[in-house]
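J.: Chain residues, written in single-letter form:
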Amino acid sequence: MADFLLVAAGFVLASVALGLVRILRGPNDADRIMAAQLLGTGGIAALLLLAQAISMPGAVDVALILALLAAFVSVAFVKGVDHSEVDGA
Amino acid sequence: MAFDIGLATLVLGVAAWTIAARDTFAAVIGFVAFGLLLALVWVRLAAPDVALAEAALGSGLTGGLLLRASSRLAPTKGPAVIEKPSAIMRLAASVLCTLMSAALAAIVLLLPEPAPTLAPQAAANLAATGLGNPVTAVLMAYRAIDTLLEVVVLLLALAGMWSLAPDHLWGGLPGRRDPVDRDDVLTFDAQLLVPIGILVGIHIFWVGSVAPGGEFQGATILAAMWILAMMTGLVDAPAVSWRWLRLALVVGPAVFLAIGLAGFALAGAFLAYPESHAKLVILTIEVPVTLSIAATLALLVVGPAERAPQL
Amino acid sequence: MSFALDVLTILAVLTGAFFFLAGTVGLLRFPDSLSRLHALTKADNLGLGFVILGLLFQAEGLFAALKLVGIWLFALLAGATVAQLIARTARMSGSTM
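Protein sequence lines correspond, in order, to chains B, S and L. Sequential numbering from 0 applies to the first sequence in numbering that gives the first Met the number 0. Sequential numbering from 0 applies to the second sequence in numbering that gives the first Met the number 0. Sequential numbering from 0 applies to the third sequence in numbering that gives the first Met the number 0.
Certain hints may be false.
Said to hold, decoys possible - Now the in silico label distances, taken between C-beta atoms and shown as ranges:
| hint | chain 1 | residue 1 | chain 2 | residue 2 | range |
| --- | --- | --- | --- | --- | --- |
| 1 | L | F2 | S | R71 | 51 to 61 Å |
| 2 | S | L282 | L | F2 | 40 to 50 Å |
| 3 | L | D31 | S | L95 | 40 to 50 Å |
| 4 | S | I106 | B | L17 | 50 to 60 Å |
| 5 | S | V107 | L | E59 | 29 to 39 Å |
| 6 | L | F2 | S | M0 | 41 to 51 Å |
| 7 | L | L27 | S | A101 | 34 to 44 Å |
| 8 | B | L17 | S | S100 | 20 to 30 Å |
What the hints assert, rightly or not - Covered stretches of chain L (in silico footprint by chain B; criterion: 3 or more residues with CB under 8 Å from a CB of chain B, positions within the stretch not fixed):
| hint | segment |
| --- | --- |
| 9 | 18 to 28 |
| 10 | 51 to 64 |
Hints were generated in silico from the structure; no laboratory data involved. No residue lacks a Cβ here, since even glycine has one placed at the ideal position from N, Cα and C.
So that you can see chain B by itself, here it is in the shape it has in the complex (with noise of 0.2 Å):
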């Protein structure tokens, strides 16, 4: 059980991965601010299994700072671009 758990959360940071490569490219900001959400859902998700395969519950609480923290850049992100949107146009 355990060794499938760490595969499982190696298998969601692999779709992680990907989806970083293609997001990170994207042509404008609205695609690299969804890069801190895929962070955010994927790393939960890793994490969560992570935490039950090498039996660590101090982890729950770091995918729950993620979750919170992810929300919170990716509305900062957005209100930095309608900052610099309405400075710059």
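Since the structure of chain B is provided, determine the placement of chains S and L on it from the hints.
T.: Just chains S and L now, kept in the frame of chain B:
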């Protein structure tokens, strides 16, 4: 094993992309992604407290700070591109970075086996501190003086940043106040996230005495929530000159220092705790320190005064 | 009993991993930002839900299980609202380009 190799490759790849990115905004996003991945690495290295700090401080709060800086720099994008450092400078920088990386790798790989560590003693004396988390015991009991100095350094950094305000705006309000649209999804988002975030922050702080967590991580989350409320216009930033703000900033280090000096009388040394009440004393320090650090971090990200104080 | 739970976990986690893969394929193949946003927020959140469902069967105690469900609900909420914001940004920068 394959998981570790994959994670390491991903982290290095994102780091390389961040350095190579042309656009400042893209580089900041790369930095945040790098930080979140690094939190995964810390969990893999069995250091959940560091992972919490990395996700909250290293990635979230620092990302917000860099983002503000990058959006301020946006008007200067053209001149900055023309002023690129010369090839010699860049070569020197890359040589320096390579040397430092090689030195760090050598130190880590050449450590004697088993590496010298105080962990067994730290764990053995845990019962005397009344705590269940050895990391918190190190931060608040064995090396409390380091934590005190860190808190003071944060305060000094804030004072330094405040001094960047132009003279005629001294004591004013930081940042700009965008008009708040009550029906906007951004407002709804903030109204949803902030209360939950505050709960999570208090939970992480409280659980730090027995499980991974602690005051720095909890304070960072609280700070992030305050920044969110200010950013979306739900709450206006406090003016630099307000008395209650300065009181909130100072109460943490002041209590810490007071208890430290009281340690002379109660237990024989600076920052020594009386053994029977150790946990109570630590808690008395932690609560105001968390509040102060949260306020300090939030104000550090929000920036120096940009609007005149309202009289 | 625990064997049945293990089987359920494996099934749920495999479904979750499949949805993550689907989300990534969407990210790689969809032509513009808004459709990529769809793939990201819907498929990945569904994947997360299935993964957490699988982990629920392995959870020790009610509190741990409630925490997992709480994380999922929160990720769902945060993701949905942030997706709206990103979509608005994508539309704005698309129209000013």
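J.: Decide, hint by hint, whether the structure agrees.
T.: Here is what the structure says about each hint:
no.	hint	result
1	L:F2 with S:R71: 51 to 61 Å	59 Å, holds
2	S:L282 with L:F2: 40 to 50 Å	45 Å, holds
3	L:D31 with S:L95: 40 to 50 Å	42 Å, holds
4	S:I106 with B:L17: 50 to 60 Å	34 Å, violated
5	S:V107 with L:E59: 29 to 39 Å	35 Å, holds
6	L:F2 with S:M0: 41 to 51 Å	28 Å, violated
7	L:L27 with S:A101: 34 to 44 Å	36 Å, holds
8	B:L17 with S:S100: 20 to 30 Å	27 Å, holds
9	18 to 28	holds (count 6)
10	51 to 64	holds (count 4)
The earlier numbered hints that this structure contradicts are 4, 6.
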